[in-house]
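Please take these sequences and the hints and turn them into a complete structure.
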Amino acid sequence: MAVSSVNNGVNVQALLDAREVLKGAPEAAKFTWRASCKWQNGTHSQTKIQRFFGLGQEQQHKTEFSFEADHPEIFASEDHGITPVEYMLVGLASCLTAGVAAVAQNRGIQLRSVEAKVEGGMDVRGILGIDSDVRNGYDDIKVTFKIDADASKKDIEALVAQSQKRSAVYDVITNPTNVKVEVV
Amino acid sequence: MATSRCLTERAIDHIVLERGDVANSWRRERWDSLRLLTPNWQARLPGYRYDGADPDGFMTVAEVVAFVSRFATLAAAPVRPHTTVTSVRPVDAGYRVATEHGDIECRTVVLASGACNVAHLPACHQAIPSSVAQFTPLDYGNPRRLPEGGVLVVGASATGVQLAEEIHRSGRRVTLAVGEHVRLPRLYRGRDVLWWMDASGVWNQRYDEIEDLTRARRLPSPQLVGTPERTTLDLNVLSAIGVELVGRLAMVRDGRALFSGGLRNQFALADLKMDRLLDTFDDWTRSQAADTDVGPVERFEPTRVPASSRLTLDLRNGEIRSIVWATGFRPDYSWLDVPVVDCKGHLRHDGGVVDAPGLYAIGLPVLRRRKSTFICGAEDDARDIVDHLAHYLAGRRGKR
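Protein sequence lines correspond, in order, to chains A and B.
Residue 97 in the numbering used here sits at position 97 of the first sequence; the count goes up by one each step and never skips.
Residue 42 in the numbering used here sits at position 42 of the second sequence; the count goes up by one each step and never skips.
Keep in mind that the hints were calculated from the coordinates and are not lab data.
Even glycine gets a Cβ: it sits at the ideal position worked out from N, Cα and C.
Heads up, some of the hints might be wrong.
To be verified - Simulated restraints, written as ranges between beta carbons of each label pair: (1) B/C124 <-> A/N7: 41 to 51 Å; (2) A/V85 <-> B/H82: 49 to 59 Å; (3) A/V90 <-> B/W335: 45 to 55 Å; (4) A/R125 <-> B/R27: 34 to 44 Å; (5) B/V341 <-> A/K30: 36 to 46 Å; (6) B/E229 <-> A/Q60: 23 to 33 Å; (7) B/H101 <-> A/V85: 18 to 28 Å; (8) A/N7 <-> B/G149: 50 to 60 Å; (9) A/S132 <-> B/T312: 16 to 26 Å.
Stated by the list, open to error - Subject to a maximum C-alpha distance of 30 Å in a straight line, what follows is the list of computed DSS-like cross-link-like pairs (lysine-lysine): (10) B/K273 <-> A/K38; (11) A/K142 <-> B/K344; (12) A/K180 <-> B/K344.
Okay, here's the thing in structure tokens:
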């Protein structure tokens with residue numbers, strides 16, 4: 001039960017209620033997230049996101065969100081947006097941060113500030129096909145949290161650990177996933 | 001052996017150093033059931049070819065040893081058996097070759113030690129729990145050497161698919177981790193696929209005509225097996241008999257093997273490449289006289305994608321008792337004291353002419369042609385290398 005005086009802006013009660021409901025309705029727990037990407041020019045693409053499926057029916061965000069992806073000029077691109085691999089960092093940092101807030105709320109820990117810095121190391125000889133022993137993706141990802149909260153260092157570390165344990169993006173990055181790519 | 005024969009033809013004085021007996025690696029470093037991938041009619045060395053009763057068959061290891069040994073005898077090859085080379089270093093007049101029986105000085109050296117001296121293991125083999133026994137194709141021998149219980153075979157080249165099939169037949173549950181692979185049918189339009197490689201000219205494609213030579217030289221060996229029944233051994237055959245296919249082994253973490261979720265794309269790539277090769281064969285057929293004796297055009301079922309492939313496998317719960325690493329081989333140049341090996345352990349050479357005067361290599365992948373590592377590929381490469389070597393010797397003599 002959330003401690004009433006703590007407010008991190010997360011409605012933990014609603015999440016706990018949802019958990020109870022979905023225990024008895026596993027079908028409603030199946031979500032499908034969607035994105036539609038359209039090539040613009042060169043390496044520039046625009047991805048739009050609004051609709052998704054969950055709780056047994058079509059759902060949508062309040063508004064459509066749009067994301068530009070491109071590559072910087074040192075890759076001979078026009079830099080209309082961040083690179084796809086940087087979107088991965090956005091996903092990881094925001095997922096872990098949301099997790100920290102939710103877990104803190106649930107544990108009755110008042111947060112004052114949470115900052116995460118994410119760094120991903122990559123050897124681009126992989127994607128450039130220079131050396132097939134070099135992988136395409138990140139070889140190392142480092143997340144550094146700076147958290148100011150009414151809690152001991154140990155409790156804050158436990159927050160961050162629990163947030164990783166329940167993070168969808170952390171799971172996607174650290175564990176293999178079946179990917180199906182089709183041409184229609 | 002092929003190089004020796006070409007040297008003899010040109011009356012170039014030479015000796016052949018062999019660490020064991022002729023065809024040593026065939027005697028000691030092959031699994032028991034292995035047969036040559038090339039049909040017997042393709043088995044040839046300079047001035048010497050298979051003349052037995054089964055041209056479409058595939059030689060067993062013992063038959064290969066006999067074939068090569070007979071060639072050595074007929075060619076009167078000046079072999080010094082049981083002479084292990086401990087070092088080759090440059091000296092003023094050429095090279096000093098140190099062996100366990102003393103040093104030899106020579107003007108030129110041909111490295112014929114092959115590409116498969118040591119089994120290559122990915123770094124994650126160190127994270128395998130000690131309760132799981134690990135084998136390489138060099139020490140595997142036969143399934144009876146494996147402990148009872150499940151087996152993870154890593155790699156789906158010729159070696160991987162052959163061992164997976166044989167281990168499955170021994171009654172063990174086999175999981176096969178599949179990364180990049182080369183799919184080939186044994187027979188196409190009624191002919192051996194290696195007949196097509198040869199006849200259509202694909203096999204003769206020269207190293208300096210290949211767009212991405214580094215890639216061609218690293219290509220895994222095709223999924224082929226030599227059997228009396230001339231059977232195809234692709235992933236559909238393996239999954240039909242009950243071998244479980246999983247993605248490329250990405251890492252081992254906390255005693256669990258993690259497999260790539262990209263299995264579907266590995267299948268798609270291999271199917272597309274096989275079809276492109278078959279298109280090449282068909283195009284070649286159309287360019288030939290109408291009476292080329294081949295069957296009708298055929299295409300094969302795409303590799304079937306398992307409904308769900310496992311992404312992780314617990315290596316500590318007893319399900320898997322052994323791992324066979326069919327993850328390729330590397331040459332061993334630890335004895336070569338000449339600075340011609342790059343940071344990845346590959347010899348720096350241009351079509352077998354090594355980056356050091358008077359030093360040559362033979363029997364490496366796509367050394368001079370796509371067929372370089374097949375038995376029938378040795379002759380053309382050996383002739384080219386010996387041509388160059390003879391010119392080199394003549395040039396040096398001229399300068400003196």
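Here is how each hint holds up against the structure:
1. B/C124 <-> A/N7: 41 to 51 Å: 46 Å Cβ-Cβ, so the 41 to 51 Å window holds.
2. A/V85 <-> B/H82: 49 to 59 Å: holds (56 Å)
3. A/V90 <-> B/W335: 45 to 55 Å: holds (52 Å)
4. A/R125 <-> B/R27: 34 to 44 Å: With Cβ atoms ~40 Å apart, the hint holds.
5. B/V341 <-> A/K30: 36 to 46 Å: Since B/V341 and A/K30 have Cβ atoms about 55 Å apart, the given range 36 to 46 Å is violated.
6. B/E229 <-> A/Q60: 23 to 33 Å: violated (59 Å)
7. B/H101 <-> A/V85: 18 to 28 Å: violated (58 Å)
8. A/N7 <-> B/G149: 50 to 60 Å: holds (56 Å)
9. A/S132 <-> B/T312: 16 to 26 Å: holds (25 Å)
10. B/K273 <-> A/K38: Distance of about 29 Å is within 30 Å: holds.
11. A/K142 <-> B/K344: Holds: A/K142 and B/K344 sit about 28 Å apart, inside 30 Å.
12. A/K180 <-> B/K344: violated (33 Å)
In summary, the structure is inconsistent with hints 5, 6, 7 and 12 from the numbered list given earlier, while agreeing with the others.
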